[in-house]
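Q: The listed protein sequences derive, respectively, from chains A and B.
Under numbering that gives the first Met the number 0, residues 0 to 263 are what the first sequence spells out, in order.
Under numbering that gives the first Met the number 0, residues 0 to 222 are what the second sequence spells out, in order.
There may be inaccurate statements among the hints.
[Claimed, not checked] Okay, derived cross-link-like pairs now, DSSO-like style, lysine-lysine, Cα gap no bigger than 27 Å in a straight line: (1) A:Lys209 x A:Lys164; (2) B:Lys199 x A:Lys249; (3) B:Lys75 x A:Lys249; (4) B:Lys75 x A:Lys221; (5) A:Lys249 x B:Lys192; (6) B:Lys49 x A:Lys126; (7) B:Lys192 x B:Lys49; (8) A:Lys129 x B:Lys49; (9) B:Lys90 x B:Lys2; (10) B:Lys107 x B:Lys90; (11) A:Lys225 x B:Lys191; (12) A:Lys249 x B:Lys2; (13) A:Lys174 x A:Lys66; (14) A:Lys249 x B:Lys49; (15) B:Lys2 x A:Lys84; (16) B:Lys191 x A:Lys249; (17) A:Lys249 x B:Lys196; (18) B:Lys90 x A:Lys249; (19) B:Lys49 x A:Lys209.
It should be emphasised that the hints constitute simulated quantities derived from the structure, not laboratory data.
This is what each chain is made of:
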Amino acid sequence: MAEYVKLIDVSKCTGCRGCQLACKQWNAQPAKQTENHGTYQNPPDLQANTWTLIRFQEIEEKDGKLKWLFRKDGCMHCTDAACVKVCPSGALYVTDIGTVGLNRDLCIGCKECISACPFDIPRYDRKTDKVYKCDLCLSRIKADLIPACAKACPTGAITFGEKGKMIEKAYARAKELGGDASVYGDKFVGGTHVMYVLDEKPGVYEHLPKSPSVPLSVILWKDIMKPLSLLAAGGVIAGSFLHYIIHGPKLPDEETGQEQKGGE
Amino acid sequence: MRKGLIQATDSFERIVHWSLAVSCLILCLSGLGMMFHSLNFLGEPFGGLKSLKYIHNITALFFILALFFTVSMWWKEAGVFVFPEDLDWIKCAGGYLWHVDKVPEVGKYNPGQKMFFLVVAAGGVAMIFSGLIMLFPLHIPAMIVRLMYLIHAAGFVAIFAFFFIHLYLGTVGSPGSLPAMLTGWVSRPWLKKQHAKWLKEMEEHGTLVVYGEEKSSSHGHHG
Chain A
0 MAEYVKLIDV SKCTGCRGCQ LACKQWNAQP AKQTENHGTY QNPPDLQANT WTLIRFQEIE
60 EKDGKLKWLF RKDGCMHCTD AACVKVCPSG ALYVTDIGTV GLNRDLCIGC KECISACPFD
120 IPRYDRKTDK VYKCDLCLSR IKADLIPACA KACPTGAITF GEKGKMIEKA YARAKELGGD
180 ASVYGDKFVG GTHVMYVLDE KPGVYEHLPK SPSVPLSVIL WKDIMKPLSL LAAGGVIAGS
240 FLHYIIHGPK LPDEETGQEQ KGGE
Chain B
0 MRKGLIQATD SFERIVHWSL AVSCLILCLS GLGMMFHSLN FLGEPFGGLK SLKYIHNITA
60 LFFILALFFT VSMWWKEAGV FVFPEDLDWI KCAGGYLWHV DKVPEVGKYN PGQKMFFLVV
120 AAGGVAMIFS GLIMLFPLHI PAMIVRLMYL IHAAGFVAIF AFFFIHLYLG TVGSPGSLPA
180 MLTGWVSRPW LKKQHAKWLK EMEEHGTLVV YGEEKSSSHG HHG
């Protein structure tokens with residue numbers, strides 16, 4: 000199947016959080032009691048039952064004016080997904096449209112994906128002992144619908160479509176915006192299946208890594224240590240066998256004199 | 000038990016050894032089940048991979064306890080190298096790898112066993128430390144947690160390989176060794192070959208326990 004991409008044009012976002020609500024509604028996720036902590040960003044962070052969140056951020060522009068940034072945060076659906084690489088049970092998997100699916104029945108709540116994710120997305124729920132994250136509304140896509148957040152977005156900031164076309168569209172929009180505007184997502188971790196058109200430099204946005212990658216420790220662990228453990232053990236078993244047939248076991252010297260008195 | 004056999008280990012040593020061995024083996028197997036997708040089926044008899052996770056975590060508690068006793072019981076005998084004889088032994092690899100006319104006599108533990116002990120002790124501590132952080136990772140920077148996974152995997156590489164060396168040298172690779180950890184009684188020729196210095200020490204100190212004889216076989220020398 001063709002790969003699909005969700006494109007988020009932050010320059011069109013008004014921070015209405017319709018996407019947040021639509022996400023909760025489609026995925027039947029309840030809200031938790033929250034507190035006002037001096038920002039419209041609510042809840043304060045992604046949660047086990049909040050898979051997408053508009054991050055509100057105030058920055059000062061060159062002329063001293065205040066600018067309000069809205070960025071819809073959530074799973075980026077990497078092609079080289081570190082979470083899929085570390086998941087021991089296969090609960091996290093690459094779907095045939097290139098996104099990262101999550102089979103919650105298989106999740107064992109080991110939290111390995113939480114430390115591996117370069118975007119800090121998966122969230123653990125103590126009650127169910129499982130991890131949760133956006134699955135890009137796989138159930139809707141399979142039914143020929145677009146993700147709930149894209150459906151709900153009133154300004155057209157969130158769109159969904161075939162990968163090549165969305166990348167084309169993103170670059171056209173970045174060019175149209177000019178200035179610091181750029182496309183975020185196609186250049187790293189094999190290309191993400193959620194992409195941004197950012198109207199500020201990527202480094203300006205909070206909680207958005209400038210150049211995310213599969214962490215080196217994850218690569219060393221999964222691509223080096225894992226095969227090495229079998230190689231080393233296999234080598235030792237083969238070595239022991241060779242030792243036995245070439246050098247032979249270490250035997251006590253022939254019993255002599257008094258030692259034999261107790262014999263069998 | 001046969002008359003003339005010599006006691007190499009007491010029952011406490013053997014209980015601690017097998018507690019460590021069994022918990023380590025369960026940890027290795029349950030860990031493998033989570034490490035390789037193709038071994039996920041190891042969780043099936045227990046109701047799935049999640050049970051394997053719990054088995055792994057709970058067994059770790061026994062492992063911690065067993066390792067504590069192992070280290071506190073053996074570090075004086077197996078954790079300290081004695082020079083120069085240990086160095087001489089290492090230089091000729093204890094006669095295990097090529098022909099050596101006269102292998103330096105060693106005490107209760109030879110330098111190879113000492114190295115094994117140190118790998119188990121240091122590796123075990125590293126596994127416990129990294130494992131505990133992996134178990135409670137949510138308030139620790141992700142970079143540190145990722146490093147712990149790497150340490151846990153590296154520790155497994157060492158322990159898994161060493162397990163097979165230990166298995167070989169404890170059985171067919173060195174006949175007569177296994178009883179030291181099963182019944183605790185070994186033959187005098189085996190002890191003379193493997194730990195001659197220890198045999199002499201025990202004879203001198205009158206601590207040699209021979210099956211079927213009075214406590215000390217050296218009462219004649221020391222009176």
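Q: Confirm or reject each hint.
A: Verification of the supplied hints:
no. : hint                : in the structure
1   : A:Lys209 x A:Lys164 : holds, 24 Å
2   : B:Lys199 x A:Lys249 : holds, 20 Å
3   : B:Lys75 x A:Lys249  : holds, 26 Å
4   : B:Lys75 x A:Lys221  : violated, 37 Å
5   : A:Lys249 x B:Lys192 : holds, 9 Å
6   : B:Lys49 x A:Lys126  : holds, 15 Å
7   : B:Lys192 x B:Lys49  : violated, 48 Å
8   : A:Lys129 x B:Lys49  : holds, 10 Å
9   : B:Lys90 x B:Lys2    : violated, 37 Å
10  : B:Lys107 x B:Lys90  : holds, 19 Å
11  : A:Lys225 x B:Lys191 : violated, 41 Å
12  : A:Lys249 x B:Lys2   : holds, 24 Å
13  : A:Lys174 x A:Lys66  : holds, 21 Å
14  : A:Lys249 x B:Lys49  : violated, 44 Å
15  : B:Lys2 x A:Lys84    : violated, 59 Å
16  : B:Lys191 x A:Lys249 : holds, 12 Å
17  : A:Lys249 x B:Lys196 : holds, 17 Å
18  : B:Lys90 x A:Lys249  : holds, 17 Å
19  : B:Lys49 x A:Lys209  : violated, 35 Å
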